[in-house]
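Chemist: Here's the letter readout for the chains.
Protein chains: 2
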Amino acid sequence: MIRIVIIGSGNVAQHLISAFKKSTDIEVIQVYSRSNNLDNSIISSEKVTNDITAIKEADLYIISVTDNSIAEVSGNLPFNNKLVVHTSGTTSMDILNNKNRKGVFYPLQTFTKGKEVDFKEIPICLEAQNEEDYTFLQKVAQTISEKAIKITSEQRKAIHVSAVFVCNFVNHLYQIGNEICMQNNIPFEILHPLIEETANKIKTLSPIEAQTGPAKRNDTETINTHLNFLSNETNKEIYKLLTKSIIDTHVKKL
Amino acid sequence: MIRIVIIGSGNVAQHLISAFKKSTDIEVIQVYSRSNNLDNSIISSEKVTNDITAIKEADLYIISVTDNSIAEVSGNLPFNNKLVVHTSGTTSMDILNNKNRKGVFYPLQTFTKGKEVDFKEIPICLEAQNEEDYTFLQKVAQTISEKAIKITSEQRKAIHVSAVFVCNFVNHLYQIGNEICMQNNIPFEILHPLIEETANKIKTLSPIEAQTGPAKRNDTETINTHLNFLSNETNKEIYKLLTKSIIDTHVKKL
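Here the protein sequences come in this chain order: A and B.
All residue numbers for the first sequence refer to numbering that gives the first Met the number 0, where the first residue is 0 and numbers rise by one.
All residue numbers for the second sequence refer to numbering that gives the first Met the number 0, where the first residue is 0 and numbers rise by one.
If you are wondering where the hints come from, they were derived from the structure by calculation, not from laboratory data.
Wrong hints could be hidden among the right ones.
Pairs count within a copy or across copies, as identical chains cannot be separated in the list.
[Claimed, not checked] The calculated lysine-lysine pairs, modelled on DSSO-like cross-linking and capped at a C-alpha distance of 30 Å, are:
| # | residue 1 | residue 2 |
| --- | --- | --- |
| 1 | K149 | K138 |
| 2 | K215 | K112 |
| 3 | K112 | K239 |
| 4 | K119 | K215 |
| 5 | K138 | K202 |
| 6 | K235 | K149 |
For clarity, every value in this text was computed on a predicted model and none was experimentally measured.
Working from the sequences, and respecting the hints, build out all of it.
Modeler: Below, the structure written as structure tokens:
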């Protein structure tokens, strides 16, 4: 049995705790949380501590706190030469305090409170200072996911930036679509099949091949009709900039 | 048996022909195509004409050509008082020539050449000048889709603008993610589960609730790291603008 302590209690921490719970090879023996916001359905309260000096001996410590607290929290840990990893997409492995062995355990997914995800499909990007620790992290990752991948800190940063585009920014475009629908008494659900097909398409076509729409066709009449229709200035700016970028990619390069 | 003539041979026209082929209540008796780019697997060549005066008698004429050709093509039709509809998202019903009865038959989906779609799930936005024609269009739509919906020209324009945000612009963000991955020797496939979950999430959560990421948290350190990482100026502008828009929506309004 591999014994893990989770440090932090945010979205990623909670989803990791739930995922490890299903593994017969892993036991989350303790969670350190300053805010103590974990309810009993996630982990029993006697396993949660807010006293950093009370952290137990374990095989792996997973720090899952906000990026700019990682250095401080890892510095405050009351032990040495243990394997300590963080779960951040942007943060270099080096930021972890030198007194312990370092690694990264970054699950590439969007975690929302209360929305369960299938960990099996989630790529877990791993990094470690030495081969032995890497192999160990791989073993841990494989208990919950089929996609453990070795990724350098620099590559991980690129993945995280890409993830912001294909997830956070995409969701915000859904939000703008939702807003326009609501203003015109149209149920947003009417767009669900389109959203689903758009996401599905790029599994068999490259995004370049999958592109459709007025910008791709350089259809200035439709583009101008849409710009006149939009009343929100920011949405108009977003429309203009993304249209320009599509035209630059598809029309000007041909 | 309802007899339909399709006018046009682009993506939407081809997907409609294929969908109607599966219906036992509909027969596409003819396709008018100036370019004659349809191959035999879609429709047998003897059913295709490039002579507008040779268009046959039918119960419904579906014009599926580029938006700015609709008026001209509908004006050139060699008959009167028939039901003639277009398939455009942005174009008003009124643009159709007055000599025939007018309607709209707009399937809300992204159609890509060679990529089959399940029409059953596709909302078909319908409009007609009178109740009788509307009921007829509804009957036709229901032979291929479970989601025939009455939508006014003004609402349809709003839907089309929303569709550009949630489909065309979203796909372009996938393209930027792909580009960043390629430049850093990361397989784009690593992002597929994230893309899928992002699209799935908004079926159970509103996009406002589903939002995650550095902009939502107003995490300026990560945002600046990402901006420094991006070398392409347009991508940097897109990052800035969408981040600002997320902050305005989520942080400033709280």
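Chemist: With reference to the structure, classify each hint as holding or not holding.
Modeler: Okay, the hints, checked on the actual structure:
Only within a single protomer do K149 and K138 lie at most 30 Å apart by alpha-carbon distance; the minimum there is 12 Å, versus 55 Å between protomers. For the identical chains of this complex, K215 and K112 are inter-copy neighbours only, at 14 Å across copies versus 37 Å inside a copy, given an alpha-carbon limit of 30 Å. For the identical chains of this complex, K112 and K239 are inter-copy neighbours only, at 26 Å across copies versus 34 Å inside a copy, given an alpha-carbon limit of 30 Å. Proximity of K119 and K215 under a CA criterion of 30 Å is satisfied inter-copy only: 27 Å between copies versus 36 Å inside one chain copy.
For a Cα distance limit of 30 Å, the shortest separation of K138 from K202 inside one copy, 28 Å, qualifies, whereas the shortest one across copies, 34 Å, does not. Taking the shortest Cα distances, K235 and K149 sit within 30 Å of each other only across copies (27 Å), while inside one copy they are farther apart (41 Å).
Violated hints for the displayed structure: none, as all numbered hints are satisfied.
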